[in-house]
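*Asks:* What follows is the residue order along each chain.
Number of protein chains: 2
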Amino acid sequence: MVDILHQVGIKSTVADVYTALTTIEGLSGWWATNTEGKGNDIGGVVNFHFGPGDIDTKVVELDPAKRVVWEVVGGPEEWIGTHIIFDLKQSDEFANVLFKHEGWKEPVEFMHHCSTKWAVFLLSLKSLVETGKGAPDPHDVKIDSWN
Amino acid sequence: MVDILHQVGIKSTVADVYTALTTIEGLSGWWATNTEGKGNDIGGVVNFHFGPGDIDTKVVELDPAKRVVWEVVGGPEEWIGTHIIFDLKQSDEFANVLFKHEGWKEPVEFMHHCSTKWAVFLLSLKSLVETGKGAPDPHDVKIDSWN
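Chain order of the listed sequences is A and B. First residue of the first sequence: 1, per our numbering; consecutive thereafter. First residue of the second sequence: 1, per our numbering; consecutive thereafter.
A few of these clues could be false.
Copies of the same chain look alike in the list, so a pair counts if it works inside one copy or between any two.
Dumping the calculated EDC-like pairs for lysine to aspartate or glutamate here, alpha-carbon to alpha-carbon at most 20 Å [said to hold, decoys possible]: (1) Lys100 <-> Asp87; (2) Lys142 <-> Asp92; (3) Lys38 <-> Asp144; (4) Lys11 <-> Glu71; (5) Lys66 <-> Asp16.
Derived by calculation from the structure, the hints in this document are not laboratory data. It should be emphasised that the depicted structure is a prediction, and the values quoted were computed from it without experimental measurement.
So that you can see chain A by itself, here it is in the shape it has in the complex (with noise of 0.2 Å):
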């Protein structure tokens, strides 16, 4: 088992960080615009529709203003029960995002490409709480082949 981690640091609270977590509005506005379903009650299944296909999790913990923990329900096949977590913290001025998506059977070069991509995302996160405005797809930064 390997795992996918991240960090990012965004200048706001971790209230308005879970808001951004658990909310269509706020999923919609930084990993897929095109996003519907049900993100803040513990089973809810929330669709993300993205260019190259879709993801489908589903909410297996909530912690308001702490943790967030998706299982993946449909979408890639390496991807199929793999958990994705957010834990939230607050130091000083920052709302600090400890990311992890854990659960991948093998590190193949497809675990390499979405490492990245998430890093993307969360900075994309990160740009909405702070600015209001994320880059969710389709207008996020593209990496390689995969998109």
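Take the given structure of chain A and dock chain B to it, following the hints.
*Replies:* Coordinates of chain B only, in the frame set by chain A:
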């Protein structure tokens, strides 16, 4: 042991990417503006002077247009002895860079930060090779209080 993994696809040739990874002119164009040393000889040491501190790498493997491996010999305690690996592969219009920073003892918060920051700098490498202009320190995207 846990690793940081990334991939970027650069619209160029593996030869040009290799040059950006092994010359002081290249390295100072995407990682740290203030860089000195020798990057194109086995055993050569390169000193990268970043705002938050210095990092020194020793070249331990070179395969022209294919692979560059550094051992970290100076810098943050967590980095000492780790290896930074760039594997290059041409795939149609893209020179793909498969990146690994391996040998971290623990997945500490600083490792999360460094993972995101590597993505930022690999996108700077992509920009340098594709457009002639990267965003090396101190012009890099700042992501949190670690810088």
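*Asks:* Does each hint fit the structure? Answer for all of them.
*Replies:* For each hint, the structure was consulted:
no., hint, result
1, Lys100 <-> Asp87, "within (9 Å within a copy, 24 Å between copies)"
2, Lys142 <-> Asp92, "between (33 Å within a copy, 16 Å between copies)"
3, Lys38 <-> Asp144, "neither (31 Å within a copy, 30 Å between copies)"
4, Lys11 <-> Glu71, "neither (28 Å within a copy, 34 Å between copies)"
5, Lys66 <-> Asp16, "within (11 Å within a copy, 45 Å between copies)"
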